[in-house]
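Protein sequences appear in the order of chains P and D. Here the first sequence is numbered in this note's numbering, starting from 1 and rising by one per residue. Here the second sequence is numbered in this note's numbering, starting from 1 and rising by one per residue.
No lab work stands behind these hints, which were simulated from the structure alone. One or more of the hints may lead you astray.
To be verified - Taking lysine-lysine and the DSS-like style, the derived pairs with C-alpha atoms no more than 30 Å apart in a straight line are:
hint	chain 1	residue 1	chain 2	residue 2
1	D	Lys39	P	Lys17
2	D	Lys39	D	Lys2
3	D	Lys127	P	Lys17
4	D	Lys39	D	Lys127
5	D	Lys2	D	Lys127
6	P	Lys17	P	Lys43
7	P	Lys43	D	Lys127
8	P	Lys43	D	Lys2
9	D	Lys2	P	Lys17
Said to hold, decoys possible - Covered by chain P, per the in silico footprint, the following chain D stretches (three or more residues, Cβ under 8 Å):
hint	region
10	80-87
11	280-294
Unchecked claim - Pair ranges (Cβ atoms, derived):
hint	chain 1	residue 1	chain 2	residue 2	range
12	D	Glu186	P	Gly125	28 to 34 Å
13	D	Arg202	P	Ala124	52 to 58 Å
14	P	Cys159	D	Gly326	38 to 44 Å
15	P	Cys159	D	Ala298	55 to 61 Å
16	P	Gln103	D	Glu327	19 to 25 Å
17	D	Leu194	P	Gly87	55 to 61 Å
18	P	Cys159	D	Glu3	34 to 40 Å
19	D	Gly307	P	Thr19	55 to 61 Å
All C-beta atoms in this analysis are idealised placements derived from N, C-alpha and C, irrespective of residue type, glycine included.
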Amino acid sequence: MALPTSSVITLHINGEKHTLPVDHRTTLLDALRERLDLTGTKKGCDQGQCGACTVLADGRRTVACLQLAVAAEGREITTIEGVADGGRLHPVQQAFLDLDGYQCGYCTPGQICSAIGMLAEHAAGWPSAASGDVRPAAAAAPLTAEEIRERMSGNLCRCSAYTSIVEAVARAAGADAATAAAVVPAQSGEAVA
Amino acid sequence: MKEFDYRRAPDVPGALALLDDRPDARYLAGGTNLVDLMKSGVERPARLVDVRELPLDRVEPTPDGGLRIGATVTNSDLAAHPEVRRRYPVLAQAVLAGASGQLRNMATVGGNLLQRTRCAYFTDTAKPCNKRAPGSGCPAVTGEHHNHAVLGASRSCVAVHPSDMAVALAALDAVVHYETADGPGELPLGWFYLPAGDTPHRETALPAGALITGLTLPPAPVAARSRYRKVRERASYAFAIGSVAAALDVRDGVVRDARLAFGAVASRPWRARTAERVLIGAPATARTYADAAGAELAAARPLPHNGYKVPLMHNLTVAVLSELTGEAAR
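Bound-form chain D, shown alone (with noise of 0.2 Å):
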């Protein structure tokens, strides 16, 4: 590991100015992923700034009905949250089937938000990546890609997005708050992850040297009736090979209101619109869901090695409103 200096932050103001621009320095939280990218040289800081302390860790009531999540909110206290479980199971679903009780305590929802890919090609500093090193080639597009992107992707990257928070707060409309030293700013979840495309390497819309400050989650009286299902190749403790957020209010048989994203399909969480336009006002049937998931993934394009997560996510959006359906009907 690279040698380099550490400052705890006081405040906001302070974190941005001990950040000042550098792009050598980098904000800490809970560490999970960048001390872990540290130790393999994928990340090399010359500063640190701890922000893990500073006063966003709170989970509150939005005037409009909605909530507003602070950036240092751990991922278990996210999860544990009677607001969180109440308004937006899929929420609280989706970060439980995520990492460890041991790395939930310590992950932050800044954190989260801003984790890097799992890719084997990224981790490894002995390997190209147009990720880590733009311009150096993927070797994953020929080689080792089982679990790689099949909708969005670029012929530069193929990597997947590893978070499942942020496959629900896709579903969810949420919106990302940051200060600069310039003011705040936000961004809705939708625009936050950047595509791929020819520059793999910048992931984010977030401005040089931004400190995301929380989330607010827009009320939604759908995501009372929500859910989050995870493929992994083991029963816990593992990334998704594939999982779907969705929502689903459904009346006299008809849908009338649905939300649909997809986790470990592509570069980003990925909404699936074109699914959603099919289940709205649609009859609440297995055959409008299977219409719906085939609608959207006529996208995909699957690697040699990945073909199976299209049938995969066909059969899993299909079951979660199909179970979502049949709560609905108790």
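So that you can see chain P by itself, here it is in the shape it has in the complex (with noise of 0.2 Å):
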């Protein structure tokens, strides 16, 4: 007997529910886009190495490419289209928008997704590779630039606004302008201006 190779599933994303058939080989990102018209989350290589379709899969920052739709049944996803409360843009996306955190924007909804994923494991006291001694005894690292290039690494901005990614974040941190700005190594005139 053929297996069956398609499924009635239901999704639950930015606190809605979703109830669609598809085929199994449906990812996470092309249900979001081709079947609910959510379409912020954005295909860049669809081989999880750039991190455009980050979505928050229960909180945690996910690459929605090389999630299968049918595996992210039961999960709550949040997209860029949930991060914000009401008319209040999330304070990330304030940040990206106040610091022109972006050239073209094609990566930056994942960008904050991912953003607010990192900044959540930030506060929680996970390490990075950056934060060089792991031991749980060492005070939690400061988000300094080296520690949000590390933990920003899947990422990737095709236009390299990656000066101004790192202050929005940093600033979206709640670091204060003056360690913002000194975290930052200033690489052009525009930057330090």
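Got two chains here, separate frames each, mind docking them using the hints?
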């Protein structure tokens, strides 16, 4: 007997339930974009290498291109369309706007979802490869530019707007302006102007 | 991608029954490697058995002072766990050196052990590859192999194992636990990965249909002072071109105990036992460390375009051991 190759699934996205039939080959990314009209989540490489499709699954940042939609059933998915509080932007969104944390904008939804997840990871005391001593007795590493760059390395920006992205993430992390300026190496006249 | 059946495993026996020894069925956990390989056609399963939600997601102390790590623990949770960070910092560092924050949140310990090489010939189904299509040949030997094996390689396959985590596990004498329809089993990490030999398509000693349920780490006081250092072609989010996992116990200027493993130099994580024999009992000096690295790397057989890996690994080994010695002196 031929094995079933599709299922009717219910996805929980941004607090809403969506029931739809899917071919098992459908990724969460394609389900969001092509079936549910949630096109804020972008398709870049479709291979887990660029981070443009980053969403939050049960609060943790993941790439939607390597997640099968059928395997996402039962998880609470948050996309860029769901991060604002009604008419008020999420602090990470506001920081990207205020500090021009983008150029073309294609990677921006992924950058913002990734930053939201990353800030929660840092607040929970997770170390990174930039933290040096990983032993839990060590004080939580401050979110320096080096830490932000390492923790955000799964999100590529082909425009290379990294300088502003790091500033925006530092601003959203609550770093005061002096700290944010100090941790971002001045790489161009514009950055220090 | 080929069409496939999808089932969610209710429990471990249910997972084994759903896989049903079908050679065309695969367990799915984080999917960060398998789904990618299905997109490229390297993997063409007829059924996926989703094991991500099995209750194998705990990190627990063992009575002997080690740790048991469930197979579905994510890489993120493993690296963030206080006992992993306290007792085996080399393991937390190795996991944090791999992939990206997003992928570490998805990828699991069991899947990390079973991830496949990133050799470009393996992932391109238009090319011959003895690992993917046994007997079809290995274009890497005479082709693009700047990041291929210098130790333990065969003429059939010169691909390297991509895992950072497994290099630390090799240094820590981890044991892999699994279940089969005939009952449970275990494999020390040193026996888990098979040498490439003439059968590079056979990568592990796991029985057919077996489900990895977890790992145990034996107590290792030496690991309290341990480190993972990875060299790659960009600062972050890239596979290694060489890495070292090391643990060192130095007292009164003498190496009392040492663990050393190399990554990205062989078809499997490379436990550097020849170097360890040189280290243990010798003065804790840069000279000893150079002798140890030289002894291990004497077996290296580089290809035309990856000879750089031999001095790279030599220097990396001396540097990591010297750093650990400096920590001990403080």
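Checked hints:
no. : hint                            : verdict
1   : D:Lys39 / P:Lys17               : 28 Å, holds
2   : D:Lys39 / D:Lys2                : 9 Å, holds
3   : D:Lys127 / P:Lys17              : 44 Å, violated
4   : D:Lys39 / D:Lys127              : 16 Å, holds
5   : D:Lys2 / D:Lys127               : 19 Å, holds
6   : P:Lys17 / P:Lys43               : 23 Å, holds
7   : P:Lys43 / D:Lys127              : 27 Å, holds
8   : P:Lys43 / D:Lys2                : 21 Å, holds
9   : D:Lys2 / P:Lys17                : 28 Å, holds
10  : 80-87                           : holds (count 4)
11  : 280-294                         : violated (count 0)
12  : D:Glu186 / P:Gly125: 28 to 34 Å : 33 Å, holds
13  : D:Arg202 / P:Ala124: 52 to 58 Å : 40 Å, violated
14  : P:Cys159 / D:Gly326: 38 to 44 Å : 42 Å, holds
15  : P:Cys159 / D:Ala298: 55 to 61 Å : 48 Å, violated
16  : P:Gln103 / D:Glu327: 19 to 25 Å : 43 Å, violated
17  : D:Leu194 / P:Gly87: 55 to 61 Å  : 59 Å, holds
18  : P:Cys159 / D:Glu3: 34 to 40 Å   : 38 Å, holds
19  : D:Gly307 / P:Thr19: 55 to 61 Å  : 58 Å, holds
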